[in-house]
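Visitor: Below are the chains, spelled out letter by letter.
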Amino acid sequence: MAAVQETVDRVRQIDVDQYRYGFETLIESEKAPKGLSEDTVRFISAKKNEPAWMLEWRLEAYRRWLTMTEPTWARVNYPKIDYQDLYYYSAPKPKKQLSSIDEIDPEILKTYEKLGIPLREVAMLEGVQPPPGGEPSASRKIAVDAVFDSVSVATTFQKELKQAGVIFMPISEAIREHPELVKKYLGTVVPTSDNYFATLNSAVFSDGSFVYVPPGVRCPMELSTYFRINERNTGQFERTLIIADKGAYVSYLEGCTAPQRDENQLHAAVVELVTLDDAEIKYSTVQNWYPGNSEGKGGIYNFVTKRGDCRGVNSKISWTQVETGSAITWKYPSCILRGDNSRGEFYSIAISNGHQQVDSGTKMIHLGKNTTSRIISKGIAAGVSQNTYRGLVTAHRKATGARNFTACDSLLIGDKCGAHTVPYVEAKNSSALFEHEATTSKISEDVLFYCVQRGLSQEEAVGLVVNGFVKDVLQQLPMEFAVEAQKLISISLEGSVG
Amino acid sequence: MSLLEVKNLQVRVEDREILHGLSLTVNEGEVHAIMGPNGSGKSTLSHVIAGKPGYEVTGGEILFKGEDLLAMAPDERAAKGVFLAFQYPVEIPGVATMTFLRTALNAQRKSRGEGEFSTPDFLKKVREVAKRLNIPQDMLKRGVNVGFSGGEKKRNEVLQMALFEPSLCILDEMDSGLDIDALRVAADGVNALRSPGRAMVVITHYQRLLNYIVPDFVHVMSKGKVVKSGGKELALELEASGYAQFEDAA
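Top to bottom, those sequences are chains G and Z.
Under the working numbering, the letters of the first sequence match residues 231 to 728, in that order.
Under the working numbering, the letters of the second sequence match residues 6 to 255, in that order.
The set of hints was computed from the structure by calculation and includes no laboratory data.
Please note that a few of the clues may not be correct.
[Stated by the list, open to error] Computed cross-link-like contacts, PhoX-like style, restricted to lysine-lysine with a CA-CA straight-line distance of at most 20 Å:
1) K701(G) to K57(Z)
2) K146(Z) to K129(Z)
3) K57(Z) to K717(G)
4) K57(Z) to K672(G)
This one's a predicted model, so the numbers in the text were calculated from it and none came from an experiment.
The shape of chain G in the complex, shown without the other chains (with noise of 0.2 Å):
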């Protein structure tokens, strides 16, 4: 629910940068001093209480991290990263105990309400008091757990959600109060062996959402939570673990923005899913981190693992993602299809424009017995921009009767940027069906001007044409998010023709 814009500026100037999220919030902060060491760890450790098992694991983590090396084999290009020049952690100072949400630090409850996030409860229930350039919003409640920088600032609904056995806090709170449940979890979907930047996350993780729903119950209301990156030079590592216990269903959904700088800011996330038997986890994510500006300084690096794993018979997992921002994204929200009949889906639009670069996909792991998986995947590249779709279906020797179903289609606007497909398909079984489709199209410029002729500018042409070119996918997403989303297409298109 990011917020509305009321009017697009349609003066298309040379150098200004149409991110509208790009302010900064002028609040004290406390860090952690800078650079990345063994006390930097046990000091983040230590700012969260957690207790000694935690702050092990961070430990391991930090010492395999440091025998690793980075990766480099994406269609992307950025200078190289000093991991000493950020810093690890930083928190708004609280003025004091919060209680409630109207304790918290009024600029940043501003913040969150300029994002068009609510925050507040009662506005929700009531649909009356929509955030400043907002539209009233759904009479649909949404928990929200609002994340700044490292620290999670609010989580609403939690008495309701508490009444309904669902858990929906931090992370760091659940470490606290369900160390069981997050010990018997954390790190059995993404190992922290699993690479660089996990290992990375798995030392320095911050916050992040920690979800659990009890056999049967279907979650009330959609969760969701607001990561925004404030601070200058921090990293962001949040972790996310969500648990659908058997015949469980969740649809949660992860939103993100920062400010505009001049500096790269990395975003290295993990998040894991785990369903049972006959659960069910819809996890959406509308991401709209700083894309840098028109000459490709700045903006977010965003390296994020994310994987479901389908432990349950009958279990199902379904991404949807719509990537708009950040300088680089790379990222493979996948699968891992263990109980038989389960089904993994990914649904994506990724929009690049200026000098943006996506290395993005799936990857669907068919293990269990009649195992289906659907992938659609549009990609659009504009500007001078590189879009790649990099995806993964296997099927292990015993998964008989596995299904995949690809769809990966390119629309390239304008003709100096690029889009490239890298599938990779292994079917170890005799019985896997496998099927791979893939288009790539230029909007063509007779298309263009019969929508101009008819009385459109030619941003709403190529806003329609796009719109008809992701409509599947925008199908997926929770209603009001898809209408969002619609919009932040075309505001990120904007300037992408002429």
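Let chain G serve as the given structure and place chain Z on it in line with the hints.
Guide: Same frame as chain G, but now just chain Z:
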């Protein structure tokens, strides 16, 4: 004041001069036919009036309702009342026809400072018009022109004309690709839109279309200029003698 005044228009496409000083005046309420062999510049004229990119105006001017048309962006021209019924209407997959119609209509209205059409009013209007043109409702739910036959595409153009109520309708070879029955339906639709406040420019090779859409004036183009103008009998003359005599005159 004339609705459309083309004065000595010179147009270049890539390296070639296509229009060499073309002049044409169209008043409200009139139907003009423009005929000529391939390469005479008929489509170029319609594209330049509509504002298609790729055409360089090297001389002359076009006034629409007294204003400099060439200074306006194509969507501005549309809002002012210029409509081009394309010879080969494109397909826009994924964009439902209804959505397209509503978005375009509202864009035009906004440009003119009029309020947006309320959805019920809009739906009512579309249904009315679609019915008269034998366009079934489910066709409107499909992507714009996606999977439409030639006849259906042309009828969709006429539907849009009826919806947008333009002051100047340019019909670019409406008869191309149509059988007699399809042609009749489309022509009936066009005729139903004739009005004292509206002018039509019908571009065609063949006289036959003009049996259905009877013009007030006929102009013959050759090599980028109008070489002869007359009443509707001129079309019949052409039918009998062909374009050759005009080619020499150009």
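Visitor: Each hint: holds or not?
Guide: Each hint tested on the structure:
1. K701(G) to K57(Z): Answer violated: K701(G) to K57(Z) is near 28 Å, above 20 Å.
2. K146(Z) to K129(Z): 15 Å, holds
3. K57(Z) to K717(G): Cα-Cα ~28 Å, so violated.
4. K57(Z) to K672(G): 18 Å, holds
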